[in-house]
Amino acid sequence: MADKTEKQQQFPRFRLMARIEHIVLLVSFTVLSITGLPQKYIEAPFSETMIGWMGGIEAVRMIHRYAAFMLVTGSAFHLFTGAYRSLVKKERMRIMLRLSDARDLWDTIRHNLGFLPEPPKMPKFNFGEKIEYWAVIWGTAVMVITGFMLWNPIATTFILPGQIIPAALAAHGGEAVLAVLSILIWHMYNVLLKHRNFSIFTGSLPRHQMEEEHGLELERLETGGDPWPGMSLPVLQKRRRNFLIISVILSSLIMAVLVWLFTFEQTAITTIPRVTREVFVPLATAVP
Amino acid sequence: MSYLKLSRFLLGVVLAAAGLLFWWHLPVSAEVPQQAGDEACRLCHSDTNEVVTLPTGDEVPVQVDMAVLAQSAHGNMAESPLACSDCHQTINDYQYPHTDVTATTLREFQLEKSAECQRCHVQPHLTSHPGPEAENGVACVDCHGGHDVAPAADWQQPGATATCANCHNRSGVDLVDEAALTAVIQNGLFTNQTDSNYCLSCHSQPGLQVTFANGDTKSATIDADAFHSSVHGVDSERPLNCTNCHENHQYPHEPVTAESARAYSLEMYPLCANCHEPKYDQALDSTHQAALEDGNLDAAVCTDCHGAHDTPVPNEPRERISHTCEKCHSTIFNEYATSVHGDALLTEGNSDVPTCIDCHGVHNIGDPTTNLFRIRSPELCAGCHADEELMGKYDISTQVFDTYVADFHGSTVAIFEHQDPTVETNKAVCYDCHGVHNIQKPDDPQAGIKNNLLATCQQCHPDASANFPDSWTSHFEPSPQHNPLVYYVNLFYNIVIPLTVGFFAFMVSTDVYRRIRLSLK
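In order, the protein sequence lines correspond to chains E and P.
First residue of the first sequence? That's 1 in this note's numbering, and the numbers climb one at a time after it.
First residue of the second sequence? That's 289 in this note's numbering, and the numbers climb one at a time after it.
The reader is advised that the hints may include incorrect statements.
To be verified - The list that follows gives simulated cross-link-like pairs (lysine-lysine, DSS-like), each with its CA atoms no further than 27 angstroms apart: (1) E:K238 with E:K90; (2) E:K124 with E:K90; (3) P:K809 with E:K194; (4) P:K809 with E:K121; (5) E:K89 with E:K194; (6) P:K681 with P:K738.
Bear in mind the hints are in silico, worked out from the structure with no lab data behind them.
Just so we're clear, the structure is a prediction, and the values are computed from it rather than from any experiment.
Taking the hints into account, I'd like the entire structure generated from these sequences.
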């Protein structure tokens with residue numbers, strides 16, 4: 001790092017797993033949006049064009065379901081790694097919302113409007129990123145639950161009232177619009193327009209961006225703090241073995257549940273065979 | 289110039305002018321027919337007892353009754369007088385001594401003389417009588433006589449058919465419908481087309497039959513009243529004569545060549561195209577025509593639906609339309625008759641409900657079993673059910689089509705319709721739930737869809753349970769009354785989305801403001 005200027009100095013930001021999870025989310029979210037929104041706005045002319053490009057409505061629905069499987073798998077993986085880090089490694093969950101985030105939001109607005117000379121010094125995950133993260137968690141939960149209902153309406157209505165299906169469709173569509181608009185406005189502005197922030201791909205962020213958005217974290221790292229503070233290795237190894245056993249059992253269980261869910265029923269049932277009938281049955285009186 | 293010379297000159301001019309005027313006013317002399325030799329002929333033929341004896345022993349009198357000739361249609365008092373030699377034209381006929389008569393029989397002699405008539409009457413009027421070449425042929429002179437030929441006006445008299453009756457009685461052939469015959473004669477036999485009454489004077493007799501090669505028989509008796517009151521009848525806008533369709537109008541008719549009664553119908557029906565070509569062409573695209581081309585000879589052609597001779601106005605009364613289809617599709621008609629549409633048509637004469645053709649088309653009736661028909665059928669139903677004026681009369685919702693298209697089934701079908709209308713989709717169309725021909729009111733206590741919703745769903749979703757039918761919004765736009773959960777979910781997102789987007793947009797704009805402010809410093 002010696003040959004780099006101080007400004008360009010890179011600081012560790014995302015673990016490899018987080019970067020992989022993001023790519024899975026990026027791909028599945030994009031595919032789900034492209035295949036989902038034309039279905040919501042099915043009467044729009046451009047929707048039909050897009051559906052045509054993707055091989056017709058039935059193909060679009062299949063792609064949507066494969067992408068959903070990808071999203072659900074990625075989400076389950078995220079829950080596991082999260083559980084591993086919080087339960088096994090006892091890492092502090094720095095993504096949790098804190099009261100200081102509200103203060104940071106307020107200070108940021110004041111700073112942007114020129115009432116505060118210095119921007120607030122923010123932790124590893126600033127308020128904007130936390131809002132976005134929890135929006136993704138909420139949104140994915142809504143989409144997975146309502147999506148399952150739409151995928152398996154007959155199974156769903158064994159337990160729940162029938163009206164849950166059109167309501168799930170409404171929620172699925174509304175949440176999709178909310179998610180896509182949020183990503184386009186908030187996420188795209190912050191990582192592409194405001195400045196190019198590719199740390200989720202490279203894993204590290206240059207000093208000046210750290211300074212601007214994660215002042216507290218920068219201070220901690222520069223004073224020798226561990227990017228991912230954990231616990232001592234020997235205790236960890238024991239706990240890790242236990243977690244591995246539990247997680248293998250749990251994850252195979254979850255995978256089994258996932259496969260069971262996604263093959264639960266065939267809503268698009270095989271076509272009922274056509275009825276053929278004799279149409280030429282002339283009246284007894286002769287046709288003149 | 290002297291005075292005298294001037295007066296002489298003036299006199300000459302006046303005389304010349306008077307002469308010119310006189311010449312101009314001379315009457316134009318009438319074209320007197322060249323009656324060459326009439327005087328010479330009359331010299332002998334007006335008063336003689338001579339006869340020509342034919343080889344058969346028949347005698348032909350030589351004397352001509354000059355008084356009768358004078359009164360005849362060709363007498364010298366008539367409109368078109370003829371000279372003897374106009375008819376007796378062979379060169380020797382007016383040279384004396386005449387050459388021998390060549391005819392060997394009296395009949396041969398009569399036929400020879402009849403042939404002379406056709407020199408002027410090049411197109412003798414149409415007649416059902418067998419011509420001279422037939423075994424019992426009738427020649428001109430048989431009815432019209434020779435030197436006593438009657439003027440046309442005489443044939444207009446009521447008793448004129450006595451001539452016919454006499455001959456028929458003599459030869460033992462029944463004379464059909466003498467009154468009709470008189471009318472035909474009075475209407476003029478020299479019209480361009482055969483009057484239908486002329487044909488009907490035979491064809492209205494009961495019991496006439498045509499027998500085909502395969503043994504089929506077909507009645508050749510035409511119900512004259514039905515024909516006359518048909519769309520082609522005498523009082524219609526454009527009446528047709530028999531001969532407009534039946535070109536075989538010489539008598540005796542040429543034998544029918546069709547193998548069977550059906551083959552004859554199939555042979556004849558393209559004649560409709562002579563006048564109704566657009567409709568005929570449309571019918572060429574129909575499923576009936578396709579079946580016909582596949583060898584199904586029962587497939588309907590023009591005359592099967594419209595009739596041949598008794599063609600009524602096809603849609604009057606409106607029930608006639610569906611009853612026409614019933615002739616071949618009786619079981620489907622019976623279903624239709626009990627449906628909400630059919631019942632209203634047949635028992636109330638309702639003019640708003642669809643008849644068969646409103647859904648299936650008229651002449652270019654398509655195959656209703658194709659994917660294309662199925663996929664387009666919702667728009668067919670919407671044609672009436674999205675019409676607010678029409679549905680308003682019966683207090684029926686016009687949201688049915690829009691709510692259908694907004695739903696999973698409808699939007700899939702709509703996409704298929706726009707992209708692959710010939711590809712099969714198993715998503716339900718209107719008639720999969722509501723029935724095809726047996727459509728009932730939704731709230732009918734027995735057969736209505738509302739009381740049979742689960743069974744209706746289970747036609748395609750066999751595992752559906754009691755809750756499942758409620759997942760269909762029953763053509764209602766979500767509201768606090770209908771589908772409230774859907775309504776409130778939509779309401780939630782209608783509030784949350786603008787709030788969220790507004791918050792982000794506010795944050796972005798403050799940040800943009802900061803950057804502009806800092807860069808300006």
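Against the structure, the hints come out as follows:
| no. | hint | verdict |
| --- | --- | --- |
| 1 | E:K238 with E:K90 | holds, 13 angstroms |
| 2 | E:K124 with E:K90 | holds, 17 angstroms |
| 3 | P:K809 with E:K194 | holds, 18 angstroms |
| 4 | P:K809 with E:K121 | holds, 23 angstroms |
| 5 | E:K89 with E:K194 | violated, 35 angstroms |
| 6 | P:K681 with P:K738 | holds, 22 angstroms |
The earlier numbered hint that this structure contradicts is number 5, and it is the only one.
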